[in-house]
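Enquirer: Here is what each chain is made of, one letter per residue.
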Amino acid sequence: MNKLSAVRTARIETIASAVLSVATPGEGLFEITRDVAQFLEQNKARHGVVLLYLQHTSASLVIQENADADARTDLVSALKRLAPADAGWAHDVEGPDDMPAHVKAMLNGVSLHVPVTAGALALGTWQGIYVAEHRARAHQREVILQFLGCCAR
Amino acid sequence: MNKLSAVRTARIETIASAVLSVATPGEGLFEITRDVAQFLEQNKARHGVVLLYLQHTSASLVIQENADADARTDLVSALKRLAPADAGWAHDVEGPDDMPAHVKAMLNGVSLHVPVTAGALALGTWQGIYVAEHRARAHQREVILQFLGCCAR
Amino acid sequence: MNKLSAVRTARIETIASAVLSVATPGEGLFEITRDVAQFLEQNKARHGVVLLYLQHTSASLVIQENADADARTDLVSALKRLAPADAGWAHDVEGPDDMPAHVKAMLNGVSLHVPVTAGALALGTWQGIYVAEHRARAHQREVILQFLGCCAR
Numbered sequence: 001m002n003k004l005s006a007v008r009t010a011r012i013e014t015i016a017s018a019v020l021s022v023a024t025p026g027e028g029l030f031e032i033t034r035d036v037a038q039f040l041e042q043n044k045a046r047h048g049v050v051l052l053y054l055q056h057t058s059a060s061l062v063i064q065e066n067a068d069a070d071a072r073t074d075l076v077s078a079l080k081r082l083a084p085a086d087a088g089w090a091h092d093v094e095g096p097d098d099m100p101a102h103v104k105a106m107l108n109g110v111s112l113h114v115p116v117t118a119g120a121l122a123l124g125t126w127q128g129i130y131v132a133e134h135r136a137r138a139h140q141r142e143v144i145l146q147f148l149g150c151c152a153r
Numbered sequence: 001m002n003k004l005s006a007v008r009t010a011r012i013e014t015i016a017s018a019v020l021s022v023a024t025p026g027e028g029l030f031e032i033t034r035d036v037a038q039f040l041e042q043n044k045a046r047h048g049v050v051l052l053y054l055q056h057t058s059a060s061l062v063i064q065e066n067a068d069a070d071a072r073t074d075l076v077s078a079l080k081r082l083a084p085a086d087a088g089w090a091h092d093v094e095g096p097d098d099m100p101a102h103v104k105a106m107l108n109g110v111s112l113h114v115p116v117t118a119g120a121l122a123l124g125t126w127q128g129i130y131v132a133e134h135r136a137r138a139h140q141r142e143v144i145l146q147f148l149g150c151c152a153r
Numbered sequence: 001m002n003k004l005s006a007v008r009t010a011r012i013e014t015i016a017s018a019v020l021s022v023a024t025p026g027e028g029l030f031e032i033t034r035d036v037a038q039f040l041e042q043n044k045a046r047h048g049v050v051l052l053y054l055q056h057t058s059a060s061l062v063i064q065e066n067a068d069a070d071a072r073t074d075l076v077s078a079l080k081r082l083a084p085a086d087a088g089w090a091h092d093v094e095g096p097d098d099m100p101a102h103v104k105a106m107l108n109g110v111s112l113h114v115p116v117t118a119g120a121l122a123l124g125t126w127q128g129i130y131v132a133e134h135r136a137r138a139h140q141r142e143v144i145l146q147f148l149g150c151c152a153r
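Those protein sequences? They're chains F, U and W, same order as listed. The letter at position 12 of the first sequence is residue 12 when you use the numbering used here, and the numbering goes up by one with no holes. The letter at position 120 of the second sequence is residue 120 when you use the numbering used here, and the numbering goes up by one with no holes. The letter at position 121 of the third sequence is residue 121 when you use the numbering used here, and the numbering goes up by one with no holes.
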């Protein structure tokens with residue numbers, strides 16, 4: 001039997017937006033949980049939701065296991081199996097890692113949200129927020145953070 | 001030619017949040033559409049949007065076909081093909097179903113939204129909302145529901 | 001080192017909703033960026049976020065590369081590799097393209113958001129918004145657009 005908790009209600013007042021620039025050193029998952037938490041603190045965010053949006057087509061946003069680094073390595077190889085470099089892609093002008101990167105970005109997506117409760121990200125125990133870089137080389141990636149809710153400054 | 005309907009505008013007043021606890025018996029898709037509808041009713045939600053967030057890394061949220069149970073079976077086997085247990089994962093301390101579960105959760109995602117119109121979920125005819133359990137054993141899964149919009153209590 | 005920009009704050013006042021009907025000619029990615037921009041203009045949307053929700057289980061929403069048409073062709077073939085028609089699906093009453101379409105829709109998802117800044121979609125340079133049709137035949141697809149933010153009419 002599923003169970004619903006008591007409901008907590010807050011007013012929605014403002015939307016606070018900022019851009020987080022993330023320097024990725026190459027393929028892999030790079031955690032931005034602390035950056036997002038810092039954005040909430042700066043805005044005295046209390047109750048609401050934070051929306052994340054990545055402005056790119058060859059990287060993506062992922063919520064995943066933040067404990068064992070092996071898990072991140074496996075996630076990267078899982079994506080490589082799903083979108084291998086040697087699949088005979090038509091779009092290959094930007095190099096063999098480009099089209100696989102687009103496929104991986106499509107599968108993972110570039111937009112997600114996390115609830116905010118009492119000023120903190122309501123992540124599960126093992127959850128971290130990551131920018132997944134799918135290109136081989138270093139990139140600068142922009143994530144738009146938006147807090148909707150109560151008591152933003 | 002694409003066509004845009006008339007626009008309906010409502011005020012945004014409140015954000016109502018609750019946690020839905022879902023007991024999953026093991027691998028599979030488990031529908032929570034009625035639980036989400038009940039959350040909206042309790043809050044006298046009229047116009048707006050409901051955000052769903054799952055606090056786990058080995059389960060996910062899916063909107064899919066709610067008519068034929070075979071479709072759900074096929075979705076589970078499709079995911080098994082994409083993330084097989086015997087792929088030689090580095091992260092295997094929690095058992096052979098653990099790393100595949102993380103991969104499936106990454107692909108499906110843990111955050112989504114559904115519009116709310118005149119007090120009802122604006123789902124398509126064949127759409128249901130599901131918690132997808134990717135682990136073999138039973139688990140307790142927490143979904144944070146948030147209604148943003150008009151006329152929550 | 002990651003860097004956070006200055007924060008811009010606006011009031012949230014209204015939620016404006018409309019339905020965009022998209023006629024898809026068959027399998028492929030069909031751009032709706034201009035339709036979404038037009039929805040924002042009509043509502044004099046300035047700062048906030050637009051939520052998109054697709055009411056179907058065999059099509060999906062994707063943000064992807066809008067420059068080279070080859071990239072879209074490759075995205076379609078990538079999905080075909082991940083969910084082939086001849087995988088021995090149990091659910092096959094609606095034809096061999098039906099169950100693969102459900103799998104592709106599950107992987108891509110049917111809900112996403114894009115930030116709105118100064119009246120414009122805050123898309124990256126190469127990003128376009130697409131309805132991905134996964135069925136072989138033409139369909140009519142409904143996308144619910146919702147603008148949350150400031151200065152909607």
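Please note: incorrect hints may appear among the correct ones.
Which copy is meant is left open, so a pair is good if it fits within one copy or across any two.
Calculated lysine to aspartate or glutamate pairs in the EDC-like style (CA-CA distance at most 16 angstroms, straight line) [unchecked claim]:
no., residue 1, residue 2
1, K44, D70
2, K80, E27
3, K44, D68
4, K3, E142
Rather than coming from a laboratory, the hints here were simulated on the basis of the structure.
Enquirer: Look at each hint and say if it fits the structure.
Expert: Cross-check of the supplied hints:
1. In the homo-oligomer, the alpha carbons of K44 and D70 never lie at most 16 angstroms apart, since the shortest distance is 35 angstroms inside one protomer and 46 angstroms across protomers.
2. In the homo-oligomer, the alpha carbons of K80 and E27 lie at most 16 angstroms apart inside one protomer (11 angstroms), although the nearest pairing across protomers, at 25 angstroms, exceeds that limit.
3. Neither within a single protomer nor between protomers do K44 and D68 lie at most 16 angstroms apart by alpha-carbon distance, with minima of 31 angstroms and 43 angstroms respectively.
4. Within a single copy, K3 and E142 get their C-alpha atoms only as close as 38 angstroms, which misses the 16 angstroms cut-off; across copies the closest is 10 angstroms, which meets it.
When each numbered hint is compared with the structure, violations occur for hints 1, 3.
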